[in-house]
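**Student:** Here is how the chains run, residue by residue.
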Amino acid sequence: MTHKTIRVGGLTRVEGEGALLVRAHDGRITDLQLRIYEPPRFFEALLRGRAFTEPPDITARICGICPVAYQMSACQALESICGVTVEGTLRDLRLLLYYGEWIESHALHIYLLHAPDFLGYPGGVAMAADHRPLVERGLALKKAGNELVAAIGGRAIHPINVRLGGFYRAPVDLTPIAERLRHALDAALATVEWVSGFDFPDVEHDYRFLALQHPAEYAILSGDVAVSDGTFFPVTEWPYHVVEEQVPHSTALHARLDGLPGYLTGPLARYALNAPQLSPLALRAAADAGLGRVCRNPFRSIVVRAVEIVHACEEALRLIDRYTPPDQPALPVTARPGVGHGASEAPRGALYHRYRIDDVGLIAEADIVPPTAQNQARIEADLHALLQPRLDLPVPELTELCERAIRNHDPCISCSAHFLDLHLHHD
Amino acid sequence: MIPAPYRVRSRRPDRADTVTLTLEPVEGTCPPFLPGQFTMLYAPGVGEIPISISGRARSGGYVQTIRAVGAVSRALCRMRRGDIVGVRGPFGTSWDLAAAHGLDVVVAAGGLGLAPLRPVIRELEAHGVRYGRISLIAGTRTPATLMYPRELARWGRDFDVQVTVDHPDRAWKGPTGLITKLVGRIVFEPRRTYAFVCGPEVMMRATAEELLRRGVPAERIALSLERNMKCGIGRCGHCQLGPLFTCLDGPVLTYDRVSALMEVKQL
Amino acid sequence: MEQAVLTSLDPLIGALREHGYAVVGPTVRDGVIRFCELGSAADLPAGWTDEQAPGAYRLREGGEPVFGFAASPDSVKRFTHPPRSTLFRMRDGVPEAVPVEAPKVALLGVRACDLAGLAVQDRVFLGGRYPDEAYRARRAALFLIAVNCAVPGGTCFCASMNTGPRATSGFDLALTELTGPHRFLAESGSERGATLLEALPSRPATDADRQAARQVSETAEQRMGRHVELDGVKERLTERRESPVWNEIASRCLTCANCTMVCPTCFCATIEDGTDLADGSASRAERWDSCFTLEFTELGGAPVRSSGAARYRQWLTHKFSTWVDQFGTYGCVGCGRCITWCPTGIDITEELERLR
Amino acid sequence: MSRLAVWKFASCDGCQLTLLDCEDELLSVAAQVDIAYFLEASSDRGAGPYDLSLVEGSITTPDDLERIKHVRRVSKHLVTIGACATAGGVQALRDLADVREFAAVVYARPDYIRTLDRSTPVSAHVPVDFELRGCPIDRGQLLEIIGAFLAGRRPVVPAHSVCVECKARGNPCVLAAHGTPCLGPVTQAGCGALCPAFNRGCFGCFGPMESPNAAALNARLRAAGMDDDELGRVYRTFNVTTFGSSSDA
Ligand SMILES: Cc1cc2nc3c(=O)[nH]c(=O)nc-3n(C[C@H](O)[C@H](O)[C@H](O)COP(=O)(O)OP(=O)(O)OC[C@H]3O[C@@H](n4cnc5c(N)ncnc54)[C@H](O)[C@@H]3O)c2cc1C
Ligand code: SF4
Ligand code: SF4
Ligand code: SF4
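Just so you know, the sequences run in chain order A, B, C and D.
To convert, note that position 339 of the first sequence is 339 in the numbering used here; the numbers rise steadily by one, no gaps.
Residues are numbered in the numbering used here as their position in the second sequence, beginning at 1, plus a constant of 1000.
Residues are numbered in the numbering used here as their position in the third sequence, beginning at 1, plus a constant of 2000.
Residues are numbered in the numbering used here as their position in the fourth sequence, beginning at 1, plus a constant of 3000.
No lab work stands behind these hints: they were computed from the structure.
Each hint should be verified, as a subset may be incorrect.
Unchecked claim - Residues of chain C clear of chain B, computed beta-carbon distances all greater than 12 angstroms:
| # | residue |
| --- | --- |
| 1 | Pro2131 |
| 2 | Ala2208 |
| 3 | His2227 |
Unchecked claim - Derived contacts from chain D toward chain A, CB cut-off under 7 angstroms, selection only:
| # | residue |
| --- | --- |
| 4 | Cys3012 |
| 5 | Asp3021 |
| 6 | Cys3022 |
| 7 | Glu3023 |
| 8 | Leu3027 |
| 9 | Val3029 |
| 10 | Ala3031 |
| 11 | Gln3032 |
| 12 | Val3033 |
| 13 | Ser3043 |
| 14 | Asp3044 |
| 15 | Val3090 |
| 16 | Leu3093 |
| 17 | Val3105 |
| 18 | Thr3115 |
| 19 | Cys3195 |
Model, not experiment: these values are computed from the prediction.
Positions of the beta carbon are idealized from the N, C-alpha and C atoms, including for glycine.
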């Protein structure tokens, strides 16, 4: 018979726990489920009753890969309730911290998780057996990112120096880190060149992209929400546009945008919507890599990530260059009741937080929409499109292809505050 | 604080968990030691612990008996012939054998306490004429855990040797229970007796108290104290017992100096 | 002893630099007056003072003097007995000593109690059968410029310990800050101190300067924040080993070890043996330890001093009783740091009084 | 070559990421140790048994309850890493609430969610050879643990207070000098006294030290301006239950 089932149990080289199940009947996919079995941790519930100052520390623990993203979205949502806007040097420091996380997270994904797919290794460490200098370059790049995070945040994972209004202590001198970033910038440029030479499957999807947009910069820390269909709205209107729904096969919620499922957030979206705002070297690297104005091939997202590392290094250097320590490490923030929204661009895409503070300064409601939840439906669509014409391939090959297609989106499953194994059944 | 590299010249398993090593310096000769002194033995990369010297081998090396109880002692017990061990020392005070000349001698050992007392017994064996009556009493958990069984049998030809066990097996014909009971079974003249006592602290206190009660003067009851030691040279502070640094002022101390200290809980 | 009057400390700092010393002295940083490398006399905490009380330290603006404050949070111990130092590395069975780091440091602004603390450390580290050569090297690399205390802190009791407030020995130079006009009476305490002093721009000291300096120390002595009755304390503490007071103190004691860390004389250390995962070499480090930790007395898998009461008793008894047996001096110099920096404000002078 | 496995339960991935964050040591460690099972980093799934298993995350689902027993069976040494695995993690806040109500807050169909009432440390279910604390763990301590287990030595992971490290680092005490509430005196060392170095009070992410006297500290923290609610919260964040009844404000 022509029943076929593919199961990928325990997705590897993704952050968190997930699996994929595909069923096909008579050459048609009948069911495709990206399952997230990351145990639910109920962050939105456990935040209730906590002090309004606590979400930056608590939500950081949603994800060890991108804690800064959580801290930044949380801070901005809460500050907006309290009527505080962080600007100037303190905002620069936040950006620097965030660039550090981008460099670290993207380098991790490119070198240790994603590139092994293109070169045929089970992982970065195995790849090092044949390509040691390459892996060492990747690790050095990653380290530069981590050091930037640690220089500002205190440590690379779950920084301790972030607070509402700014920081507990502002760094005195960032020049030592600049030296490392200059090397990182070279390594980033070399990375773009390297990954752009990979052999990419010829696949394009008609994505609906969503990314933050900022008038003055390639949006990362803040911005309004732009969609490739022309929709544009402030973050405060997020809840009217993005609605999360639960699917039985996953502990992650799926998000719909303006009633339609399957939009994409992350590097491809940012690049499509904001590329002109990339730093000069990043723009040139993108052009040299042949990315074009918009990139719809998810396999090439690795190139976009590399370009974004260039951008992050170059911008970070610029900010360090103009850095002088602020007079005060933080603006005073006093609680007041109300609702606030905050969004920033985590390495994997837009991350939205909403909080309501009650009249004694405690969190009454929290809502967090992480990028992976937004992308899950779209990843399923990618897989559908990819598998449908190739169902005749042997299962091991299909399995590998599926894993690769999923890794294209660097899904961070831990992130699915509320969120992913491939099981392919040809029934 | 830098150990000298020594080589394991021989290794003899004594019991399931106890090994006797003979150690020789990679370069030069072993510094002299006095009975009762200890060295700090270093298992490279694992750690360093105090271990008594229980004799000098014919080759000149230190003979040291180690029971595997934790990480470092286990690593030392696993050492093979030819392996490198770090040695610092010898450190600490010694058993004052000269003070026992002309006196009856009681050697009391609990468990592994026999190891630090072995050089004392060897001296008594070699120069028995210098002393009065010599008795050796030893307590052990089970007959199988008795230290140096062959040597004990040999010593039994020269001295009065008595052994008691906590948990006898079927074959055991000898006494059972606390070592203090053996004090009543040996012959010595309390006022003219010198006692060498080594074992767990409770055993040493009970034995010392029993000897004291029978009239052995406190200053003629010598004990070997055990405390946490990191440096062996009075610098790390860990081994303090009241005013004493156990590593410098001890480990061998007479009961008159320590009885009051040993009474205080958690000193 | 040479004496001279200096009007500025910059030439002194400059001269020390020229002699290859890093000049380390008090400066305002992180909300406290602490010892850091100085660029010039302008980095000194002129116009700042501190208020010290049990468990509390506050920085305050306090008028004109440059040295108008009391003991710094940290003691000189950091320079002579650093928090952690690597002792040796071992590769293929051969141990190699790690060279001792003994940078040339000029400490500007140490107090009489600090010097007394150094004297105690000298006995501990150099006085016995096994002198610590690393300590000796670091100690020899220090150039010590004392400042006589004018404003003792609320937790100071050096006068009762006979260690201050006036520095009488153990320094290369000693300064007394004088006002109207602002100047420093400098005296040398060593040959190198005298040579240095001679080379500085100065004017000779007059009787009036000397009189003013004596006055500073006398006033300081009368302003001691705390007092300890030493008479019989050594014997008393050993007699009080079973006192219920220890348990009461333990109810307030955090066993956090802050007191031993800030104490200028506490010398206890532990050994950390390890291996390098990458190259397989072994190494040993020495690091500050404290009689307040449980591992300190671990024997056969359990600590000897398991209770907080026993640990506090060890500490206090060591300082005022058994130290005397061991080293012929008290283990306390009256700097008051353990009182100020105890998070719950346990005050040894008060506890000694209660144990009377 | 010794074989290492890394396992994940309910967690943020941060603690296992710490291994990948050992950028300078990762490749040399990999030369000494066969990293046989590490899903986050490799799609090779080397079969057990393993000499050393590092386990991240807390036990929160019926499936995980079974899986941890499997991990124990295939591991010679099992070391738990991080506050989730050693103390239940921040998600153990559910222990103080009704988990169904928690699920209802987050999910429209809580009935789809399979979860346990409590988030428990690994040691609640299987014997553990060593617990490495921290949220997240410290990189240096992780390398020490791996080295110690391979060399058969006792890991140098002191259980004393953060204050010891704080003083060694030369931080001025934020509690005494600024009146900033700090849990350092009752928290186990390991982070190098990071927060005080950044002018912030320790919030206890390494869990309780060997002999915590929270009652004594609380008196001081109240004096520094913390009220009972705040005290209750600060002890119950990343190590929800381990500070114990002594943390009851
Ligand atoms: C002066 C002196 C002389 C000595 N002479 C000798 C000698 O000749 N021969 C000899 O064998 N020993 C001797 N010792 C004792 C020896 O030093 C110790 O046994 C050694 O320090 C143990 O170190 P370790 O690293 O092997 O064990 P550690 O890891 O330090 O463990 C120490 C002890 O803790 C116990 N332990 C560990 N974990 C637990 C637990 N969870 N519960 C209960 N107990 C636990 C172990 O059983 C062991 O007894 C001497 C000690 C001193 C001070
Ligand atoms: S302990 Fe903290 S850092 Fe580690 S996995 Fe759990 S939440 Fe993440
Ligand atoms: S700041 Fe906190 S950790 Fe540091 S010494 Fe003070 S109380 Fe202890
Ligand atoms: S100081 Fe405390 S809260 Fe901060 S990192 Fe260290 S243990 Fe965690």
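**Student:** Would you mind marking each hint as holding or not holding in the structure?
**Tutor:** How the hints compare with the structure:
no.: 1; hint: Pro2131; verdict: 10 angstroms, violated
no.: 2; hint: Ala2208; verdict: 48 angstroms, holds
no.: 3; hint: His2227; verdict: 26 angstroms, holds
no.: 4; hint: Cys3012; verdict: 4 angstroms, holds
no.: 5; hint: Asp3021; verdict: 6 angstroms, holds
no.: 6; hint: Cys3022; verdict: 9 angstroms, violated
no.: 7; hint: Glu3023; verdict: 4 angstroms, holds
no.: 8; hint: Leu3027; verdict: 5 angstroms, holds
no.: 9; hint: Val3029; verdict: 9 angstroms, violated
no.: 10; hint: Ala3031; verdict: 9 angstroms, violated
no.: 11; hint: Gln3032; verdict: 12 angstroms, violated
no.: 12; hint: Val3033; verdict: 10 angstroms, violated
no.: 13; hint: Ser3043; verdict: 4 angstroms, holds
no.: 14; hint: Asp3044; verdict: 4 angstroms, holds
no.: 15; hint: Val3090; verdict: 5 angstroms, holds
no.: 16; hint: Leu3093; verdict: 4 angstroms, holds
no.: 17; hint: Val3105; verdict: 4 angstroms, holds
no.: 18; hint: Thr3115; verdict: 6 angstroms, holds
no.: 19; hint: Cys3195; verdict: 5 angstroms, holds
Of the numbered hints listed earlier, those contradicted by the structure are 1, 6, 9, 10, 11 and 12.
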